[in-house]
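Chemist: Let's have the full structure, built from the sequences with the hints guiding it.
Residues per chain are reported as follows:
Number of protein chains: 2
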Amino acid sequence: MARIVMKFGGTSMAGTERIRRVANIVRKQQAAGHEVAVVVSAMAGETDRLVNFAREANALYDPAEYDVVVASGEQVTSGLLALTLQAMGCKARSWLGWQLPVRTNDAHASARIEQIDADALVASMQAGEIAVIPGFQGIAPEGRVTTLGRGGSDTSAVAVAAAVKADRCDIYTDVDGVYTTDPRIVARARKLPMVTYEEMLELASVGSKVLQTRSVSLAMKEGVRVQVLSSFIDDDAPSADELPGTMIVSDEELEGSDMESQLITGIAADKNEAKVTITRVPDRPGAVAAIFAPLAAANINVDMIIQNIAKDKGETDVTFTVPAADLVRTQALLDERKEAIGFFRLIADSRVAKISVVGVGMRSHAGIASTMFRALADRGINIQAISTSEIKVSVLIDEDETELAVRVLHTAYGLDAGDEAA
Amino acid sequence: MARIVMKFGGTSMAGTERIRRVANIVRKQQAAGHEVAVVVSAMAGETDRLVNFAREANALYDPAEYDVVVASGEQVTSGLLALTLQAMGCKARSWLGWQLPVRTNDAHASARIEQIDADALVASMQAGEIAVIPGFQGIAPEGRVTTLGRGGSDTSAVAVAAAVKADRCDIYTDVDGVYTTDPRIVARARKLPMVTYEEMLELASVGSKVLQTRSVSLAMKEGVRVQVLSSFIDDDAPSADELPGTMIVSDEELEGSDMESQLITGIAADKNEAKVTITRVPDRPGAVAAIFAPLAAANINVDMIIQNIAKDKGETDVTFTVPAADLVRTQALLDERKEAIGFFRLIADSRVAKISVVGVGMRSHAGIASTMFRALADRGINIQAISTSEIKVSVLIDEDETELAVRVLHTAYGLDAGDEAA
Numbered sequence: 047m048a049r050i051v052m053k054f055g056g057t058s059m060a061g062t063e064r065i066r067r068v069a070n071i072v073r074k075q076q077a078a079g080h081e082v083a084v085v086v087s088a089m090a091g092e093t094d095r096l097v098n099f100a101r102e103a104n105a106l107y108d109p110a111e112y113d114v115v116v117a118s119g120e121q122v123t124s125g126l127l128a129l130t131l132q133a134m135g136c137k138a139r140s141w142l143g144w145q146l147p148v149r150t151n152d153a154h155a156s157a158r159i160e161q162i163d164a165d166a167l168v169a170s171m172q173a174g175e176i177a178v179i180p181g182f183q184g185i186a187p188e189g190r191v192t193t194l195g196r197g198g199s200d201t202s203a204v205a206v207a208a209a210v211k212a213d214r215c216d217i218y219t220d221v222d223g224v225y226t227t228d229p230r231i232v233a234r235a236r237k238l239p240m241v242t243y244e245e246m247l248e249l250a251s252v253g254s255k256v257l258q259t260r261s262v263s264l265a266m267k268e269g270v271r272v273q274v275l276s277s278f279i280d281d282d283a284p285s286a287d288e289l290p291g292t293m294i295v296s297d298e299e300l301e302g303s304d305m306e307s308q309l310i311t312g313i314a315a316d317k318n319e320a321k322v323t324i325t326r327v328p329d330r331p332g333a334v335a336a337i338f339a340p341l342a343a344a345n346i347n348v349d350m351i352i353q354n355i356a357k358d359k360g361e362t363d364v365t366f367t368v369p370a371a372d373l374v375r376t377q378a379l380l381d382e383r384k385e386a387i388g389f390f391r392l393i394a395d396s397r398v399a400k401i402s403v404v405g406v407g408m409r410s411h412a413g414i415a416s417t418m419f420r421a422l423a424d425r426g427i428n429i430q431a432i433s434t435s436e437i438k439v440s441v442l443i444d445e446d447e448t449e450l451a452v453r454v455l456h457t458a459y460g461l462d463a464g465d466e467a468a
Numbered sequence: 047m048a049r050i051v052m053k054f055g056g057t058s059m060a061g062t063e064r065i066r067r068v069a070n071i072v073r074k075q076q077a078a079g080h081e082v083a084v085v086v087s088a089m090a091g092e093t094d095r096l097v098n099f100a101r102e103a104n105a106l107y108d109p110a111e112y113d114v115v116v117a118s119g120e121q122v123t124s125g126l127l128a129l130t131l132q133a134m135g136c137k138a139r140s141w142l143g144w145q146l147p148v149r150t151n152d153a154h155a156s157a158r159i160e161q162i163d164a165d166a167l168v169a170s171m172q173a174g175e176i177a178v179i180p181g182f183q184g185i186a187p188e189g190r191v192t193t194l195g196r197g198g199s200d201t202s203a204v205a206v207a208a209a210v211k212a213d214r215c216d217i218y219t220d221v222d223g224v225y226t227t228d229p230r231i232v233a234r235a236r237k238l239p240m241v242t243y244e245e246m247l248e249l250a251s252v253g254s255k256v257l258q259t260r261s262v263s264l265a266m267k268e269g270v271r272v273q274v275l276s277s278f279i280d281d282d283a284p285s286a287d288e289l290p291g292t293m294i295v296s297d298e299e300l301e302g303s304d305m306e307s308q309l310i311t312g313i314a315a316d317k318n319e320a321k322v323t324i325t326r327v328p329d330r331p332g333a334v335a336a337i338f339a340p341l342a343a344a345n346i347n348v349d350m351i352i353q354n355i356a357k358d359k360g361e362t363d364v365t366f367t368v369p370a371a372d373l374v375r376t377q378a379l380l381d382e383r384k385e386a387i388g389f390f391r392l393i394a395d396s397r398v399a400k401i402s403v404v405g406v407g408m409r410s411h412a413g414i415a416s417t418m419f420r421a422l423a424d425r426g427i428n429i430q431a432i433s434t435s436e437i438k439v440s441v442l443i444d445e446d447e448t449e450l451a452v453r454v455l456h457t458a459y460g461l462d463a464g465d466e467a468a
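Line order of the protein sequences matches chains B and G.
Just add 46 to wherever you are in the first sequence, counting from 1, and you've got our numbering.
Just add 46 to wherever you are in the second sequence, counting from 1, and you've got our numbering.
Under the rule of at most 20 Å between Cα atoms (straight-line distance), these lysine to any residue pairs were calculated in the SDA-like manner:
id, chain 1, residue 1, chain 2, residue 2
1, G, Lys137, B, Arg101
2, G, Lys137, B, Glu102
3, B, Lys137, G, Glu102
4, B, Lys137, G, Leu106
5, G, Lys137, B, Pro109
6, G, Lys137, B, Leu106
7, B, Lys359, B, Thr323
Quick caveat, the hints were computed from the structure, so don't treat them as lab data.
Modeler: Here it is as structure tokens:
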């Protein structure tokens with residue numbers, strides 16, 4: 047007997063027929079003897095519909111009233127899933143954000159969960175009732191409805207799992223796990239049975255959008271074991287208890303497992319970066335700060351930074367990347383300050399891609415980066431910038447070479463399916 | 047300066063463009079110096095959509111979860127109206143049923159309002175903030191969402207008006223007031239400037255569906271002055287303060303007004319009744335009770351009852367009416383008990399109509415009923431049953447003669463427009 051929190055996204059909840067499929071998966075977990083809580087998203091498309099209503103009503107909307115409008119989508123699906131489970135003979139009830147309550151701060155439209163009162167919830171689960179909880183919603187200190195920002199239901203599920211001390215949080219998505227890389231790029235990509243929280247964070251932040259980043263951080267902080275698996279499974283597929291998806295676990299649990307240790311866990315590609323080069327910046331103290339201070343103030347997230355070696359004239363070139371969506375704002379902010387900073391030209395390039403190799407194994411192994419550089423050089427792929435963290439090496443390349451680079455690296459690190467057997 | 051509760055139905059709230067029209071009407075009331083609260087329905091069609099979802103999920107639905115699903119429609123429109131008012135520069139906020147709270151009993155799907163905590167609401171209105179309140183919803187003693195049953199938003203509005211001690215509750219509908227009869231039947235029907243609660247109850251219960259009956263009962267009990275008026279008004283139409291609709295008031299207020307006293311206020315027709323005749327019932331104590339007890343137990347509302355004079359053989363015929371929607375159940379219940387009751391035949395007829403003349407003036411005047419019988423007889427309309435109350439006389443006639451009867455009576459009682467001037 048285990049205590050399990052399950053989470054289903056909008057595609058799985060789109061309409062009463064799909065909700066019946068979800069109810070069937072939930073029912074089986076309870077029939078297997080587990081205590082079960084389910085966190086649900088709104089029907090696919092519903093949140094967009096509600097957001098559009100709110101924008102039509104008031105383009106500069108009050109986020110507190112926006113939350114009242116958009117939180118209704120999950121209220122509907124939680125009631126419908128409870129009804130569907132009851133129709134299958136299960137005991138079930140919905141618990142709205144203000145009923146548990148799910149206490150958040152008052153940052154409407156992007157609130158953070160602060161605390162979930164789980165006593166009533168646990169008592170209900172122990173009594174054999176399936177708890178159905180709308181994701182994405184909570185209640186602010188002053189008693190008004192809050193929402194967690196788009197994709198927040200993953201975070202709701204992890205927070206509920208932490209609050210009820212669940213043995214596992216199963217996130218059902220439209221993929222069946224986390225892969226060594228995008229299977230649409232590399233047909234021989236392999237599903238990973240386990241990844242660590244930190245690896246998942248690096249993979250998520252560079253484009254493998256299986257889970258919301260915030261939910262992974264929370265799972266790491268609270269030590270919640272998260273499994274990613276598919277909601278589009280056949281009746282004869284292995285049950286969630288046989289762990290057919292990818293488990294996201296701590297370093298310790300990974301080390302204690304019987305998994306073959308591997309240097310590299312996965313390879314991620316991110317085309318949503320843009321490169322900015324500022325030429326002939328005065329090579330004096332404070333010059334670089336003058337570039338990045340206004341970007342930080344504008345909440346623009348600067349990633350890779352390279353400062354070229356100063357040339358004869360006491361000038362230097364500075365290259366960095368920003369999210370492509372922030373490129374126009376970045377250009378405007380720096381052009382305004384061209385004279386104050388004293389640079390010559392700003393060159394923007396959004397046709398770049400960031401390729402990252404990620405793995406906790408690289409902590410104890412040298413040569414990971416050099417393998418990467420040699421493999422890319424062998425295929426004539428030019429590296430425009432490099433950044434590294436403890437468990438990640440990223441390079442910036444021409445966007446057109448994204449798929450080639452991912453394939454080359456996937457093979458270079460021995461990740462192709464079948465390689466282990468060789 | 048007055049304190050006013052305004053209520054808008056689903057047709058008025060159907061989409062952001064119509065909500066802007068509503069916001070404009072609300073804004074003008076505040077601009078005229080009033081404290082304003084607004085009660086709203088869900089967008090037209092939305093409650094039906096949600097009810098269908100609930101039924102698809104579980105035909106024998108749990109009313110507590112049904113309420114979670116269907117209450118969301120009013121949550122959306124209350125947030126959208128608050129946003130729209132803010133876009134016009136007004137201070138506004140929504141107050142959900144559980145936030146005020148609107149306390150109800152636990153009869154999910156058809157709950158009754160027991161008490162509304164109005165302190166925070168009044169403070170907000172006094173501070174110049176427009177309060178937007180979703181109709182139809184409340185919270186049960188155990189903290190779960192309730193709804194009041196279809197059409198419950200009228201009742202919500204009257205209950206809010208009572209709680210905040212409003213000077214007036216303006217119910218905006220798709221008609222511009224209460225008429226002497228249905229203007230689609232009698233072109234010369236007149237809009238009534240005032241009717242009493244009791245008259246409105248009689249008119250509502252016999253088919254003039256302007257207001258939900260329950261809301262009128264509550265207004266009478268709480269002494270809330272209700273005005274019915276149109277939400278489809280032009281900008282140059284008289285404002286609600288000039289009372290362009292129909293005011294629903296107490297007997298005392300009507301007597302104190304300068305309105306010309308009139309015997310008959312209105313004429314209502316109801317085609318949703320069915321007539322049942324049970325022949326050759328034994329004429330002995332308890333026989334009639336044996337007919338009506340099972341109907342009462344099944345919650346079937348029996349209206350007119352006629353027992354013919356006993357014939358030689360100690361047998362009698364009993365005729366009564368029930369709502370047409372309950373006719374099949376009524377037949378089944380009585381056929382089951384045919385031998386126990388000992389009757390000969392059950393004759394059902396759903397092609398009947400109930401025509402009622404209503405007016406508080408008839409309390410002090412004789413001859414109202416005889417005027418009715420003579421006017422109908424003059425046109426050859428046969429009366430199948432009669433029932434009376436203190437302020438109403440009703441007759442049952444052939445359904446095909448409904449419109450003729452209404453026109454004849456409208457003229458007979460001097461209600462046709464222009465008659466006063468003659």
